[in-house]
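**Q** Each step along the sequence shown adds one to the number in numbering that gives the first Met the number 0, with nothing skipped, and position 117 is 116.
Among these hints, one or two may not hold up.
Beta-carbon label-pair distances, calculated as ranges [stated by the list, open to error]:
(1) 47 - 89: 36 to 44 Å
(2) 89 - 49: 49 to 57 Å
(3) 59 - 92: 17 to 25 Å
(4) 44 - 72: 21 to 29 Å
(5) 51 - 85: 47 to 55 Å
Mimicking DSSO-like on lysine-lysine, the simulated pairs with C-alpha atoms at most 30 Å apart in a straight line are [stated by the list, open to error]:
(6) 38 - 48
(7) 25 - 48
(8) 91 - 79
Note that these hints are calculated values from the structure, not bench results.
Cβ atoms here follow ideal geometry from the backbone N, Cα and C, with glycine treated the same way.
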Amino acid sequence: MSEENLEKKPDEQAENKQEENAELTKTEQELEETVDRLKRVMAEFENYKKRNTKEREQLYNSLVADIVSSFLPVLDNLEKAANTKTEDENMKQGIELVVKQIQDIFKKFGVETIETVGKPFDPEIHEAVSSVQDENLGEKIIKEEFRKGYKIGMKVIRHAMVIVAN
0 MSEENLEKKP DEQAENKQEE NAELTKTEQE LEETVDRLKR VMAEFENYKK
50 RNTKEREQLY NSLVADIVSS FLPVLDNLEK AANTKTEDEN MKQGIELVVK
100 QIQDIFKKFG VETIETVGKP FDPEIHEAVS SVQDENLGEK IIKEEFRKGY
150 KIGMKVIRHA MVIVAN
């Protein structure tokens, strides 16, 4: 009987080893699937964070643009007043100071003036109100600015009104 037990043991050990290998393989597959799911969830979360950040930035820029657009007529009038000739230099300096303060506030919130004179015309940021022939300027180059334009990031708050050459 002891010889029979010895003969059965290697077979049983082989079966046990096969079962253990099968169980180990199954556990490894489950682990790989879990790791894969974890990676997908992490990637989805990163995409969510990026999308959320972009949406918040767009909302912020939109709110700032709405507020700034309300102040633009006031700034335009103050700039006209600052450029008007007057005998009272103190009043002129006071107006210029207020204009500078408003421009500093705009800059603080990321509002930029759109560049115009000497730059190529871009219908995305400029509004052409007239065109003239000018041999000194190239085709579709801005000759003069009627009204300043402003933008925040890539969002145009107000298009610049310009005269385009050629």
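**Q** Where does the structure disagree with the numbered hints, that is, which hint numbers, in rising order?
**A** 1, 3, 4 and 7
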